[in-house]
Amino acid sequence: DTGVSQDPRHKITKRGQNVTFRCDPISEHNRLYWYRQTLGQGPEFLTYFQNEAQLEKSRLLSDRFSAERPKGSFSTLEIQRTEQGDSAMYLCASSLDRGYGEQYFGPGTRLTVT
Amino acid sequence: AQSVSQHNHHVILSEAASLELGCNYSYGGTVNLFWYVQYPGQHLQLLLKYFSGDPLVKGIKGFEAEFIKSKFSFNLRKPSVQWSDTAEYFCAVNAPGGSYIPTFGRGTSLIVHP
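Protein chains in written order, with the working numbering: chain A, 13 to 126; chain B, 0 to 113.
Chain A on its own, in the form it takes in the complex (with noise of 0.2 Å):
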């Protein structure tokens, strides 16, 4: 078990660029959820998918905001057109589908918009 993996760990982009992040999750986890944090925040949800199906999507993912899990394993999250209020950390977290939902999270990829 490697645990939760994100790439990059770092991204400075300007603004009006597109970034794409990726999220690998534990391979027998077919949760997967995607948070944003920012500094003296907890995370907050964008997120999430079961298998390769995105089920449920925060009001704060607006439409420069896409994710996909293609293949039910790895996911990528896109941001287009970046503004400087995107800059955060994106968490990925994954789960069992069974249980009580506890979330095994990765390191975070830290964005930053100049």
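If you are wondering where the hints come from, they were derived from the structure by calculation, not from laboratory data.
Just so you know, even glycine gets a beta-carbon here, dropped at the ideal spot from N, CA and C.
Misleading hints may appear alongside valid ones.
[To be verified] Residues from chain A shown here face chain B by an in silico Cβ test under 10 Å; the list is partial:
| id | residue |
| --- | --- |
| 1 | G52 |
| 2 | Q53 |
| 3 | G54 |
| 4 | Y60 |
| 5 | G97 |
| 6 | A100 |
| 7 | A105 |
| 8 | D109 |
With the hints as your guide, set chain B onto chain A.
Coordinates of chain B only, in the frame set by chain A:
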């Protein structure tokens, strides 16, 4: 919708002092409760969880939490903190069934002086 309040945003203690971090949630139904911890430079990890049964739950590293249903609280405690407990602590709640999407509190930063 659920909400979680963590009353102490910053706590500073000396080693061997006792710790209690407050967590209150707002939700009318059955909940699952969690405390997550984020050590400096590391990712979020589960500290302890409550689903049902004994309202006093024990987690890793000597932490425990008590679920008081009448007070909608799930406070975290440790009788004697160590310098290595310096971290951010997040309380979270989800509703059983469905997506298990958690709502997080904004976190408490704990600094323990040696």
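### Query
Are there hints from earlier that the structure breaks, and if so, what are their numbers?
5 and 6
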